[in-house]
Amino acid sequence: MKKNLYIILIVMLFGCEKYLEKIPDYKFPSELATSNLDSLESITNGIFNQLQSGNLFGGGLIANSELLSDNWDAPPISSFSLNQLRTRDLNAYNGEVNGLWNDAYRAINMSNIVLHYLPVHENQDITKATLIRGECLFVRAICHFELVRMFAQPAGYSANNNHLGIPIKLTKSSATEGQNTIRSSVDDVYNQVIQDLKEAIAFLPETKDSRVSKWAAIAYLTKVYFQKQDYANTLLYCDEIINSGNFSLNTNVDEIYSVSGWNFSAETIFQLINLPEDMNNGVLTGRLKSTSVAYNNPFDSLVSLMNDERKVKLYTFLGVPYLKKYSNTAMNITIIRLAEIYLTRAECKAMLNYADIEVREDYNIIKSRANNFSDNSTTGQLNLLNAIHTERWIELGFEGDRFHDLKRRKAKFYTSIGNFEWDDPKLVYPIPQQEMDMNNNMIQNEGY
Amino acid sequence: MRKLLLINLLFINSILSFAQGNIDGTVIDENGEPLIGVTVFINKTTFGTTTDLNGYYKLTNLPNGDQTIKFSFIGYITQEQNIKIESNSYINLNMTMKSDNLLLDQVVVVGYGTQIKREISSSIVSVKTEELENKPNNNIASSLQGKAAGVQITTDNGMAGGSASIRIRGVNTLSGGAEPLYVIDGVPILNDDISESASRFGYNTSPLTLINPNDIEDITILKDASATAIYGARGANGVILITTKSGVEGKSKINFSYNTGISTETNRLELLNANQYVDLYKQAWVNDGNNINDLTHINNIHLDSIANTDWLDEVLQTGSFHDVNLSYSRGNKKINYYLSGSFKKESTFMKGNEFQRGTLKGVINYMPNKKTDISTNISFGRTDNKYAKTGSAGGLGRAQSEALPIYPVYNPDGSYYWWDNGGLQNLNPVAEAELLDNRNKSYRYLNNTKVKYDITNNLTFKNEFGVDIINQYERFFTPKEITIKEDSNGVSLSTLENREIKYTTLNLNSTLNYIRKIKTNNELSVLAGFSTQNSKEDYKYERVSGPTLTFDSNTSDAQYQEYSIQGRGQEYAILSFFSRLNYNIKKKYLFQLSYRTDGSSRFGNDNKYGHFGAVSFGWIVSDEKFLNDNKWLSFLKLRSSAGSRGNDNIGNFNQYSFFSGNQNYAGSYGIGPDNPSVSNLKWETVITSDVGLDFGILENKIEGTFEYYYTKSSDVLVANSPLSPSSGYTNVTRNLGKVKSSGFDIQITTHNLSKKNKLKWKTDFNISKYKNEVLDLGDAKEISGTNFGENRAIVGQPVGVFFLAEFAGIDPTTGDELIYDLQGNKVVLNATNSISERKVMGKPYPDFYGGINNTFEYKNFGLEFFFVFSQGQKIYDDHGKRQLGNMGFGWNQDIRTLDYWQTNGDETNVPNLSLTENRDLNSSRHLHDASYIRLRNLSVSYSFSEKFCDKLKVEKIKIFIASQNLAVWTKYKGWDPEVNREGSGAITQGVSYLTPPQSKVFTTGINITL
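In order, the protein sequence lines correspond to chains A and B. For the first sequence, the working numbering gives the first residue as 2, with consecutive numbering after it. For the second sequence, the working numbering gives the first residue as 2, with consecutive numbering after it.
Hints in this document: simulated from the structure, not taken from any laboratory. There's no promise every hint is true.
[Stated by the list, open to error] Now the stretches of chain B that chain A is said to cover, found in silico as 3 or more residues with beta-carbon under 8 Å:
id	segment
1	650 to 658
2	664 to 675
3	727 to 741
4	822 to 833
[Said to hold, decoys possible] Straight-line distance between alpha carbons at most 25 Å, and here's what the computed SDA-like set of lysine to any residue pairs gives:
id	chain 1	residue 1	chain 2	residue 2
5	A	Lys23	B	Gln571
6	A	Lys28	B	Thr505
7	A	Lys28	B	Asn681
8	B	Lys587	B	Glu250
9	A	Lys427	B	Ala968
10	A	Lys427	B	Thr971
11	B	Lys827	B	Ser837
12	B	Lys782	A	Asp438
13	A	Lys23	B	Thr598
Where is the CB? At the ideal position from N, CA and C, for every residue including glycine.
Work out the full structure: start from the sequences and follow the hints.
Rendered as structure tokens:
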């Protein structure tokens, strides 16, 4: 016992500081985590893990936009936050809203951390550094884009899009830095997103089966320009993808929904990979599984539009509406696929007054894949647009597109809760209360 | 007495001529310390003396013959012994004085030592073993409820192994821990819930349940700065010192007890039955503008084939328990020991909730010579706790909410009926109780080895080495029947999770204690010590799934392997120096100074060491001459203290910025940042001043204590102090706040009737009043305690106030729920104004609380009834918004929903019914007064007569029947007014969310002493 005491006394005198330094072995001090390129690569992996979060592409971002659209009229939901979404009666404490804001900005900050330390370590492996740089720019762009679509009135709401957007974050934060960032205009946010994506294209790999290929960034550019109603630029990038010959439509309409792990279907442009042991799509598949999307009335109107393979294979069971897109819980989360690019291009062509046959050609590709008759008769911009909108609704239903598509087109939302104009403030998320409380420069959205 | 002594002394000097025999010796107390000033005299003579500084006395020239020598001293039992004096004989007679049982003269355990209660100048309450005996609680803390002023105890739930929250003099913190430090036999022990019971099953459990309450000798609660400053950075929330039983000198003693009993929930919730539910559903359906003929199904159940299930009946039961204890002790001057074993088996009122505990304890105390004392104390506890789901986790919580009375328990084919909740999980509380097997098997080893050595008569060295090891094995088995987990081929999978934690604490205390008498009646005592503690947690978690798994499957079998992690967390080290100086003048003027320096691994690099200290004074007024002739005042002490201590319950690694691993993507290892760094993170500093008055009136027939204290804490930790989430970080832990509190503690014991052989009646009463206020929160405007911000810390308000829109009644013309907006206008509640119009609506902590205990003894009978009360605290029923007029939410409704608004002019608290309106909104409609008086304990006991015992050759047999929580008087309509959803957090108290009730227990038992 006394010996013990002496040992401790000695430790005390000479090793006090060490004795009182305890670090858990399952965590990495930040100095270590940013000390080399391999670590930065690990952070980048963490960023993709973050994208799979139940609040982002792994669930809420997609599922909640469906809940707010006219696709899915859910019965009362026993979750406070989801029920608020269902009734389009949100407040600044909504967990889904806060979760999206927090998780997306976390991914952005992680990207900024990597981009901050990359110049220090890039010489260790310039190929790897280039890849990481492209990926981080890509993630930063798409997170800003998804945030601005949910937390601000859509592009086209004001002349020059100078209405309030979201804070743009391009540097890493600390407990004191980056706490009072102002909301930039929607136009500035779009410009930053486009700039990051264009820059990313230069760093990302050509191979389409990459975690993020340059095609993913290009495809996202079509989404961004399309949402901005810049149809000429959208068309340019759609052409680049389609003409590259890298992608082709899958033969079966339901093939994309069972791709899992490190597999890329012919049609896949950007997906989040799900390994069986990860099951990071749980929130998404859980919320949009057949049993969750209650049958009977909810998407009758959508189903009634269909008369092809997609009705049987994706949307009904024994004739009753029944969503099958999320039945395979092991599925990867497809974020952009070639079908969308075709439909987007069709619409751009229609908007830019291309010949009717050229417009029909693009969406007929989608129809014929579903063993449907080709449309050879529709003419005139308005009719064509109607046909494309219907086709888009069917093809991309429940994939997180409808809500933004209606807003882009300034179309009305017809829902069981009531009808909403495209710019109804209830269809814009509130800025989370915590951001309001802590950020001195934050301005709340209308109606909250 | 003293006058007599003086006369005696005079006589001794004058009557030398008759002197014939001599006697001398040393008088010591029970601790072997020499007693100074003990009166020693020969009965019926005038020979007498007092002991000197070394406790030595000598009487000479005593008359021949049989005499009785008498030793008396204040606070000790007078001792008599017959002696035979012969001419010129020389007798050596040493005497050990035992302290008498007057409360004022008890020896009280204090930090790193003991003190005599009358000489203490700080605020300390002591609870003896008798007051803790025969209670059915698994957790010692629960048995303390209502026993001590200034100590508020809430039994969080009635589940097996459940925890209790203790607040000593309220809270001085916000997000630091508010629980006191527990020290058992000198070793600080772990009291945190390290299990996953809260997150998975909806209630906290406590590692204190691994300790057998019957092994406890006494519990001392240190309240003020003077008493706790010696625990430095861990003293701010008060300290609970637990002393366990050990052997005593004397013949062998065997103690046996057996208790058994039954338990039910304290109160049964009343919910709608199936017909009532359907009626209300129909009404809501029609109110929403639908045609009643279109309503054929509710949640896929045809209205012609509804069941009528009372789900509470289905998941509740009458619990039972058996508790056996056996102990053995014996000892002599050189060695004594104590051995005990116990076994308890319990099933609670909740089906599927079971608890087993076995304990073993051994204490050996060896005194090879007068200077040396070596002891070791080993205890070993094992619990096997089968969890049941409650609250938001399901089980009982589901039975009282989602489980509609129209659902059957089983399908016609006997299989469980599953209803659809969005496809996330298969639900049915009965299936959960029957199919799930979730267990916590824990082992706790406590060992304290002490060596005490008297270097000189004045100087004692003591070394204590303590070990606390908890091995906890949790296993969560979810059979495939109840999950919807499938592999890619659609095969259902069972899941088995294995979570192991090994928590080891090593503690070393070394002290030097110097005591010196200065002149006759002054005493100086100095304690100096060094202490170090190191705690480590190793953990392992594995999750496997497969179609053929069972509870006992081997989780390391590769065929099932799915996810596994192991590592070390919770590492924590402290290094401390402390010292205490006591100086007593004539045992009348008391002075104490204490000091401690703590270095802790939890503190940031800029603030590695904290310094704490306190000073106190006491004055025993009743020993002053001017009160000597006083007839009624037997004791009066004034005392006062001031000092600082710290709260280091701030988390182990909060000062660092970390990245965590396992944020993998597609098989590649990923990491991500947790929080930004805070290098100046430190303890919370709590400064307290205290004045107290201890008194005894009419020969101490009435004894008591009044205390007033004022506390101010600064650098209060705000864990998760919010950041702008757009920075990528949502929160960080910082020292931001200031909190002040003040209050009175009053404790009175009256011996109403105390004549021997007659009816004896004693009353113990205590009451505490307490208030606090948040003074500052730094740049955080307010801190919310829960996701929806019902509880808050707001500057200028008490800690944890409820922040809600104020309910303004149901509009009699429309049936809508109204609130007052901040301008005082009545407006209809909606999602936006339920947030924007919030204000402070009450607090979760009481205005005052306490206990009153009456014990009666008549011949061999004993009767005790013990009430606890608490006034002024509020409870927020977070589930109320879903169960009082919210048919649209899809849950069963409280019976009070039958009072729903129906027609113009209805005065009610329940709005009109609707299936589509969003009623899932907070307002003060669900905030309730939770004041209560509870008959905490009622017991009747009978001790068999000595004659009868002699016949059986036993010393004592006692039988008793008792009831705990027999009745509670409260306006609160929920399960129980003592609830706690959020565990032990300082801000988040008084919120109920399907929180399980406490148990009402009937116990009968027998205690036999051989």
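Self-check item: Annotated coverage of the segment 664 to 675 of chain B by chain A, confirmed only when three residues or more have a Cβ within 8 Å
Solution: Answer holds; 12 residues pass the 8 Å Cβ test.
Quiz item: Between B/Lys587 and B/Glu250, is the straight-line Cα distance small enough, at 25 Å or below?
Solution: Roughly 32 Å separates the two Cα atoms, so the pair is violated.
Exercise. Could you grab the alpha-carbon distance between A/Lys28 and B/Thr505 and see if it respects the 25 Å cut-off?
Key: Holds, at roughly 20 Å.
Quiz item: Does the segment 650 to 658 of chain B contain three or more residues whose Cβ lies closer than 8 Å to a Cβ of chain A?
Solution: holds (count 4)
Exercise. Would you check the hint for B/Lys827 and B/Ser837, treating anything up to 25 Å between C-alpha atoms as holding?
Key: holds, 14 Å
Practice problem: Quick one: see if chain A covers the segment 822 to 833 of chain B, three-plus residues with Cβ-Cβ under 8 Å. | Solution: holds (count 3)
Quiz item: Going straight from one Cα to the other, do A/Lys28 and B/Asn681 come out at no more than 25 Å?
Solution: With a Cα-Cα distance of about 20 Å, the restraint between A/Lys28 and B/Asn681 holds, given a limit of 25 Å.
Quiz item: Are the Cα positions of A/Lys23 and B/Gln571 separated by 25 Å at most?
Solution: holds, 9 Å
Self-check item: Straight-line alpha-carbon gap B/Lys782 to A/Asp438, limit 25 Å
Solution: Roughly 7 Å between the alpha carbons, so the hint for B/Lys782 and A/Asp438 holds.
Quiz item: A/Lys427 and B/Thr971: Cα distance at most 25 Å?
Solution: At roughly 43 Å apart (the allowed maximum being 25 Å), B/Thr971 and A/Lys427 break the hint.
Self-check item: 8 Å C-beta criterion, at least three residues: is the segment 727 to 741 of chain B covered by chain A
Solution: Per the Cβ count (7), the hint holds.
Quiz item: Are A/Lys427 and B/Ala968 close enough, with their CA atoms no more than 25 Å apart?
Solution: violated, 50 Å
Against the hints set out earlier in the document, violations occur for numbers 8, 9 and 10.
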